[in-house]
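Two independent chains are provided; combine them into the complex using the hints.
The chain contents come next:
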Amino acid sequence: MPRAIGREDLERMLRSAARQVLEGRAELSRLDSFGGDGDHGTTMARAMQSVLAALDAAPAAGVNDLLRSAGWAIMGCDGGAAGPLFGSFFLACAEGAAGETLDAAALARACEAGLAGVKKNTRARLGDKTLLDALEPAVSALRAAADSGTEVLAALERAAGAAAEGARASARLRARFGRAKNLGERSVGQPDPGAASVALIFRGFLLGGQSDG
Amino acid sequence: MNKFLNDPAHLVPELLEGFALAHAGTVRLTGSRLVTRARGKPADKVALVTLGGSGHEPALSGYVGEGMLDVSVPGEIFAAPGPPRVLEALRLANRPAGVLLVVLNHEGDVLSSNVALELAQKEGLKVRSVLTREDISAGTRADPAERRGLVGCLLVFKMAGAAAEAGRSLEQCLEVAEGVERNMATLAVAVSPATHPATGQPISTLAAGEMVIGMGQHGEAGGGSRRLLSADETADIMVEALVQDLGLASGEEALALVNGAGATTLMEQYIVLRRVRRSLEERGIRLARALAGSFLTVQEMGGFQLCLCRMNRERLALWDAPCHTPALSIR
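Sequence order for the protein chains is B and W. All letters in the first sequence, in the order written, are residues 435 to 647 by my numbering. All letters in the second sequence, in the order written, are residues 5 to 335 by my numbering.
Incorrect hints may have been included.
[As the list claims (entries may be wrong)] List of simulated lysine to aspartate or glutamate pairs, EDC-like, C-alpha gap at most 20 Å:
no.	chain 1	residue 1	chain 2	residue 2
1	B	Lys553	W	Glu122
2	B	Lys553	B	Glu529
3	B	Lys554	W	Glu122
4	B	Lys553	W	Glu150
[As the list claims (entries may be wrong)] Stretches of chain W that chain B covers, calculated by requiring three or more beta carbons in the stretch to come under 8 Å of a beta carbon on chain B:
no.	segment
5	89 to 102
6	107 to 117
Because the hints were derived from the structure by calculation, they are not lab data. Please read all numbers here as calculations on a predicted model, not as lab measurements. We treat Cβ as the ideally placed atom computed from N, Cα and C, and that holds for glycine.
The shape of chain W in the complex, shown without the other chains (with noise of 0.2 Å):
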């Protein structure tokens, strides 16, 4: 294994010390390696919360600041933290315009979250929850719950984030969230797989020359495997199948988010992201907003992520609200 690293078991820890110094004036480690604002937002807005395994720098804690996140509760490699942290969380958080718990959907973050929710329940916390799950690559519409949750997550941090600076209320913040969430879809590709930084052992497969689309944020193995293609024919297999998903149709608009998960460069990103406006000008779908970058990485994977999000007025409005984090800062 290629990687600068010391002892495994101290991953974690390690890379979140980095992590605190490097960007000292918007975060700061506090608790149980809980990540905060490094000035936090007064207690009648609603604060924005989310978990979620680490080796995806910058998600999920690079995401916390100025217009979207409040605390973040980063676990070990690719797994979720344990319910006692996530809890520790949500008290921290506690305040009287209330927390938004925003959850990815995989099973571990699931069942540490609805354990934390429970007990916070009991506790007299004020939070309520919202679950991304727009990987089109399992399940459908009708089935959600098999949907993982990717790199759209940082739309709704983004947009719940903007609508709780603003002064909306829990239920508004979620109604947001929830909206942004029902209109987003991604779907990933990888060519190339991540080597596990604790384990030193590939976490995938793949044959050079070959690239599987659907394949999870952590690797897992997904649909199958087929010749590598150009990234115009890449993205015009991905922008169809996210369009029917979200049955995106002619005079519509949308926000297109490339997400590079570790090894693609941004050169193929931007590449790729030029022809997702064109492949969706030719539906008649107007591309109202563009990123391209990683945002939610797997190590040194190689592939991306392609998320639609239909987009309306409110939303291209707390889109365009400023906001300042590690990993995105929007003036």
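The following block holds chain B by itself, in its conformation from the complex (with noise of 0.2 Å):
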């Protein structure tokens, strides 16, 4: 892996992205069982098969290009709210991706943007047992390793760190949006199905930007 991610790179980081998220679907359903209908899993896994199929689809000649597909196949998806929310960071991202590769700043300046992307399509904050549960400490993380000079596979690594732990913090909260919140207080004591998604994408950016393709 080099100082900065390139296309190749980003490319096989999608991919191992859609590979997590597709083996975790049983899991990811199973979390939405407790407070929504339980298909968080089923949804999630057609997303990525549309981002696999826009990848083999079509060769995208840039990185913002590549985050643009993706969004695009994620939105397209007909993924309930998990499909808009999850295409615009994708899409987002890619409108915060300048250049042709993505150092550990560049990488943090996209995710930042995918970040406010998909504030901008919900109410919901940090702390109401969402996605935001994890994508948050992620994009913290990542700015905050990137502002200390590390190198964009360490920055990628302490975000998916961060993605992981906030999804398991997340069990301890109580939700206050999407089906679950009608459950209240037992709501607490599982992770957010769409915190455990964000964890499984980036711990599949990570695994796919250590591999050398």
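Rendered as structure tokens:
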């Protein structure tokens, strides 16, 4: 892995993220069965299959084209709320991704733009037991690592760790958004499935980044 | 799971294929699984479009047809369609008279619509939208964001659809839709869970002899469960809550819609409806129009939704206007 993520690296990372989600689909659906209708894994698997199909169909020119194509694929998968939320993350990442390659600082900028894109589409905020409880810590970790001069792969490792920790910690939260909010106090005890998906995606990014293709 | 299914991944295209066959004279499939009228209506009349997850048959595509919807965008099972297909539907329906998009307040539907509406506006399409959120089990009039869109959407399709058919402008159709939306309220009760047809898992848990008032359209857990009550006791509780919410007063008149969730029989729905009338009359409220049936289901969920709508002369005329769709016909 070079000091910056190129087009091929990013494609490998996206494919790896898709693989993580596809492998985790049963667990994601199980987590969703506590407060939702138990199909988050099915939905996310469909979204990631769309991403893989889009990557297979059209070779993207640059890193931002890759992110845009992934975002549109997710948006188009008829994925309830998850589709537009995860889709808007990748689409907004694409807007924030300048240049041919992404070093730690550029990756942090792109992901910050992605996070802002998600927040534009939901009234949920940190602590509401949604995907933001993994995404926001991951992006903050990425930013902190980039600001301290960490190279991109190590920065990604911290982001993946923060996402996993955020997803785990979301078990303690009380749902205030999505269908699970109707559970109130009874939503405490299980991680949020959207946050768990974010953790899988960042884990996939890291594993894809670490492998040399 | 005791369901006649094939590969769960093909559920939606397969059900739509059969739906289009069963109602070939009324609807057809076009583009990326959009449902449109078999015979379109003139471009000088406003078009109505809606979107929503599948698995709720006959909703929502069952209301495409003369006097109601022009296009529906069916999503995956219990999951909203993505913005690209909603945009495709808006382009398909776009016309000089304009398009009214009816959105049920569920996170996915709202997100997809917002993204699609933003893109449609950039393209110069003439589109307005109305959000239905009449479920009184969560949220209040003061904080309507929490209120979900339940079976009341069908009243909006019917009355705004009649206004469109009569040649009223987009602004006037929107006004009718918003008027219906403000004057309707729905409450749901569940007695047995539904199975998610793609995962095979129950989408809620309900013990025998229990019921939950306030359970959502997808079996989302709602208010607390309680001992199963009789039809009359249940109807009385629901009427009281709905009348309170709407502020219906003695001397007013209302439409009542009893919507079976899937497993609750028409027999039970009729028994409930008869008590609804009595309960309204005890409060001096006249039952102006009534209907019972499975209009928006959740697979084999047991339970029903009761929707009341305050009626006036204009809404009565719009309700009585003819319509012919796969799931509702008025002559």
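request  = Can you take a look at whether the segment 107 to 117 of chain W is actually covered by chain B? Rule is 3+ residues, C-beta closer than 8 Å.
outcome  = holds (count 5)
request  = Given the hint that B:Lys553 pairs with W:Glu150, test it: the Cα-Cα distance must not exceed 20 Å.
outcome  = holds, 18 Å
ask   = Holds or violated: are the alpha carbons of B:Lys554 and W:Glu122 at most 20 Å from each other?
value = holds, 13 Å
ask   = CA of B:Lys553 to CA of B:Glu529, is that 20 Å or under?
value = Satisfied, since the Cα-Cα distance of roughly 15 Å is no more than 20 Å.
message = Holds or violated: B:Lys553 and W:Glu122, Cα atoms, limit 20 Å.
response = holds, 16 Å
request  = Would you check chain B against the segment 89 to 102 of chain W, counting CB to CB pairs closer than 8 Å, and say if three or more residues qualify?
outcome  = Contact hint for the segment 89 to 102 of chain W vs chain B: violated, 1 residues under 8 Å.
In summary, the structure is inconsistent with hint 5 from the numbered list given earlier, while agreeing with all the others.
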